[in-house]
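If you want the building blocks of each chain, they are given just below.
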Amino acid sequence: MSNSSAMRREWSVRSDISKIEPLVAEVVNLCLSAGMSSRACRLNISVALTEALSNAIICGNHSDAAKIVMASMSLDATSLTLEVTDEGQGFDASEITCSPDDADWLEREDGRGLFLMRSLMDKVEIQKPSQQHGGLTVRMVLHRS
Amino acid sequence: MPFTIETAGDVLVVAVVGQLVVGNRQEFKQTVLDEVEKGAKRILVDFAETGYVDSSGLGALVSLSKRLREAGGSLRLAALNEDLRTLFELTRLDTLFKLYATRADALLDF
Numbered sequence: 001m002s003n004s005s006a007m008r009r010e011w012s013v014r015s016d017i018s019k020i021e022p023l024v025a026e027v028v029n030l031c032l033s034a035g036m037s038s039r040a041c042r043l044n045i046s047v048a049l050t051e052a053l054s055n056a057i058i059c060g061n062h063s064d065a066a067k068i069v070m071a072s073m074s075l076d077a078t079s080l081t082l083e084v085t086d087e088g089q090g091f092d093a094s095e096i097t098c099s100p101d102d103a104d105w106l107e108r109e110d111g112r113g114l115f116l117m118r119s120l121m122d123k124v125e126i127q128k129p130s131q132q133h134g135g136l137t138v139r140m141v142l143h144r145s
Numbered sequence: 001m002p003f004t005i006e007t008a009g010d011v012l013v014v015a016v017v018g019q020l021v022v023g024n025r026q027e028f029k030q031t032v033l034d035e036v037e038k039g040a041k042r043i044l045v046d047f048a049e050t051g052y053v054d055s056s057g058l059g060a061l062v063s064l065s066k067r068l069r070e071a072g073g074s075l076r077l078a079a080l081n082e083d084l085r086t087l088f089e090l091t092r093l094d095t096l097f098k099l100y101a102t103r104a105d106a107l108l109d110f
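Which chain is which? The protein sequence lines are A and B, in order. Quick note on numbering: the numbering used here labels position 64 of the first sequence as 64, and the sequence is numbered without any gaps. Quick note on numbering: the numbering used here labels position 18 of the second sequence as 18, and the sequence is numbered without any gaps.
Chain A on its own, in the form it takes in the complex:
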């Protein structure tokens, strides 16, 4: 596939953390085949997508196997967009401000996921559930360099 080819894929997975690695591997393979850099695939995409999926499954859907997580990737000549949607009630992302400047950052076991997504992707948007749109959607954009 050439760098200029546009591509879109969608997935629907049960809320089971064992589903994360195979899905991330599939997205990474598609991005590598499309000419994205190995580093972007191995680091930025792998980690950010793992974080988004695990948040959706564990925090959004509370690991309820009856609930579904929707994921999609859109890739064109300029950027990759990843979207992950759960069936949860959502949260106010502006209230999550964990950063390495926090006093307990180095001792904390959890709370680095959103920081990593924001650090590894060029843009991260969080869309809260609405009447038109159930569940929380995380949209992440990585520009192709």
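Some clues are possibly wrong.
Pulled a few chain B residues facing chain A out of the computed Cβ check, cut under 7 Å [as the list claims (entries may be wrong)]: (1) T4; (2) I5; (3) G23; (4) Y52; (5) S55; (6) G59; (7) V62; (8) S63; (9) D83; (10) R92; (11) L96; (12) L99.
With a cut-off of at most 30 Å between alpha-carbon atoms, the simulated DSS-like pairs for lysine-lysine come out as follows [what the hints assert, rightly or not]: (13) K128/A - K19/A; (14) K66/B - K67/A; (15) K66/B - K29/B; (16) K38/B - K66/B; (17) K67/A - K19/A; (18) K29/B - K19/A.
Since the hints were made in silico from the structure, they are not lab data. Where a beta carbon is used, it is the ideal one built from N, C-alpha and C, also for glycine.
Dock chain B against chain A, hints included.
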């Protein structure tokens, strides 16, 4: 099993094969904690065969490091590839752990 355990002198070496992520963090953590319960105090995690680590994997390492420090021991890390080093630098966890280029380097200094 995504982890292998060996001993080198009195250092326990745990090698992570594949990813250290939300799907296996608990197994990894429990594997190491079991060794700590048996008396291991100096533990080296070898990332030579590791792909990527997510925030859950980082959290497991932080938790184990704290547990070992409380027990008078230490957890050190070796053979992180460039991507993993970037991850530790981004999260500033490179200031919490002693990082070594290779397993051999770490064992010499442990």
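Hints violated by the structure (listed by number, smallest first): Hints 1, 2, 12, 14 not satisfied by this model.
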